[in-house]
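Protein chains in written order, with this note's numbering: chain Z, 872 to 1198; chain S, 42 to 431.
Where hints are given, some of them may not hold.
Said to hold, decoys possible - SDA-like mimics (lysine to any residue), calculated; alpha carbons at most 20 angstroms apart, straight line: (1) Z:K1195 x Z:V1069; (2) S:K324 x Z:S1159; (3) S:K391 x Z:L965; (4) Z:K966 x S:S342; (5) S:K324 x S:S342.
Read the hints as simulated data drawn from the structure, not as lab findings.
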Amino acid sequence: MIFADILSATVLFAVPLLLVALGGMFSERSGIVNIALEGIMIVGALCSCLYLRYTDDAGFGANAPQLHMLIAILIAGASGILFSMLLAFASIKLKADQTIGGTALNMLAPALAVVVTWAAQGQAQTTILIPKWIRMTQESLGMAQGTDFLSRLLFKSLYLTAPVAFLLLIAATVFLYKTKTGLRLRACGEHPQAADSVGINVYRMRYLGVAISGFLGGIGGLAFTVAAGSGFQSTVAGYGFLALAVMIFGNWKPLNILGASLFFALFKIIGSYAGSIPFLPQFDTVKSAEYIYLMLPYIVTMIVLILTSKKSRAPKAEGIPYDKSSR
Amino acid sequence: MKKPHPRFSQGITSLMASLLSVAIGLLVGLALLYVLNASHALTGFGKILTTGLATSEKLAKVLYQASPLMLCGLSVAFAFKTGLFNIGATGQYTMGAFCALSAAIALQLPWYVALLFAMVGGAILGAIPGICKALFNVNEVITSIMFNWITMYAVNLSINNMPMMLTNYWAKSSIKDRTAPLLDANPAAVLPKGGLDTLMNSNYINIGIFIAVIAAVIIWLVLQKTVFGYELKACGYNRHASQYAGINAKRNIILSMVIAGALSGLGGGVYYLSGTGQYTLIKALLGMGFNGIPVALLASSNPIGVILSSLFVSYIQVGGDALQPHFIKENIDIIIAAIIYLSAFALLMKGWIAKLFLRNSLENANAEIALETRLEAGNENAAVKKGEQA
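Given these sequences and hints, build the entire structure.
The structure is reproduced here in structure tokens:
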């Protein structure tokens, strides 16, 4: 039974990583290094959690939970797009340093979230509680409550964000590899001058790339908040940066990113479940041995990155502002 | 014709661009305060601007917070000069704090040895992303992020397994989640006050600010006046070109990260050896290292600029603490973020400033460029003619 729990928790935490890393991939594939993912996640989570809170307070949310969850997801995505446009404007239109713009947004978002949380909920309120009804249970889907392995695996912690993420993954893969726009977007990240010379609007493609990353990043923020479970506290605990690592680990490719996010989430969950997994060493002589397991996902990722670094290939033109007049 | 020194006028323009960003950022802050609580907006804004200088005690607080901030800012700025983004300053800072406190409490060493420990600890941690970047081509941003978390957990694990380090070892206390106060454990490890405490009537102030300023000057000298500094900057501008010119880029990347790590580590040492702060076992990364990033960016990675920008950030943070209860202090973070965002437009602003203030010198420069182009064109024409003749 514990394995069902572990797998279900793995998926729960892999979803935000997957979404945000996919977002980062679109931005970088178009040539913009998006270090602001952390901030975008926070803004997406803030806006969508405020909406969920509002529907719950007004009393009509629980009537159609999944509909409101879907609206919340769209709000998260839309607010993510709006916020990411700050980065796009600075780095595309004004040709500013992308790291600087991203860092500023990462600083802005949590501070803004704290201020808005206070303004919306009154003084000393640091958490936006999210309603319980957003979880998809078997009853809510009209099925009988099961206790077998499969229902525990699927319904222990199922939120609408997981199926949405799955659909978005498929859409992202198809868009990036099977459409004309996807091909153009990739060209702008590899060799914008060449793309421009065949009539592709590099600036527009880069705006598109950043906007997609804002959309996915914002939804990822909501997905993180439902996974963390204790409401929105103006933070996403460094998941935006972890998603950057997952993106590099996944070699800027959608399916590899899926694998990388599941891998990372699995090790993270093993870390927090370590005490109850029978065959893992327990280090009884060491105090607070849980820290050893908490370090595990980061160490494993480092090792894998070093081993696979020979094959790792970033988009060639990422981080360089495109100037039409330069050669 | 009097001609301004090119680097001088460039420095002035970037300083003015930074000041312009600061001014606009503060106005954004004022507007924000109006939106949140109009009746207290002006008094609040006045507090942000004046609290830091209101009493000598507040000024001492500004200097006390500025010293670790300055060192972390230097660390980020130094790595920027080599084209590396040291987002791992917070991990190196934590490591420095841990090494300094272990030296001070567990090994009972005096403060200057503890500071040395802090630097070595930070340097070792800084070396890791450098080595991964130079030898395995792993992006230093990712390595740094991973090691921020690894360090935090490793430090918590170590402190929990070193009973001497904790508060309850030295005094009857049930506090188990933070390190022992230095005054109980080893008074010789507390940074000397140098008489500043009586002068400024504050417990916080110590010689840390001098250490930070000296470090900034040394870094400036290294970057501006040594071959090593020149090589580092060359790697930052174009790694491949510098390699072609015979510079060992790999060595320089590693060394640059080692020095950056040592600076952040020193920052951790300076903060936690002040005797006023205890390291608390935490589950989130420390903010000080991250705040080094805006400090470095605001200073355009200039070490002397870092002195000013860290003092400024610390100043308005102390002002922000005085905002309560009408506003929360996170408003200050919004102001700083706005300033950094604006400073990303440095190029654009430098253009404006050049147009507004330096029109004369700019025209001179343009005239010179035009002259040079004409001369070059003339030479080319001559060469073409020569070719035709041949």
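query: Are K391 (chain S) and L965 (chain Z) close enough, with their CA atoms no more than 20 angstroms apart?
result: Answer holds: K391 (chain S) to L965 (chain Z) is near 12 angstroms, not above 20 angstroms.
message: Just to be careful, I want the Cα atoms of K324 (chain S) and S342 (chain S) compared with a cutoff of 20 angstroms; is the pair within it?
response: violated, 30 angstroms
query: If you draw a straight line from the CA of K1195 (chain Z) to the CA of V1069 (chain Z), is it 20 angstroms or shorter?
result: holds, 13 angstroms
field: K966 (chain Z) paired with S342 (chain S) [C-alpha distance capped at 20 angstroms]
entry: Holds - the C-alpha atoms of S342 (chain S) and K966 (chain Z) are around 19 angstroms apart, at most 20 angstroms.
query: Are the Cα positions of K324 (chain S) and S1159 (chain Z) separated by 20 angstroms at most?
result: At roughly 13 angstroms apart (the allowed maximum being 20 angstroms), S1159 (chain Z) and K324 (chain S) satisfy the hint.
Hint 5 from the earlier list is the only one contradicted by this structure; the remaining hints agree with it.
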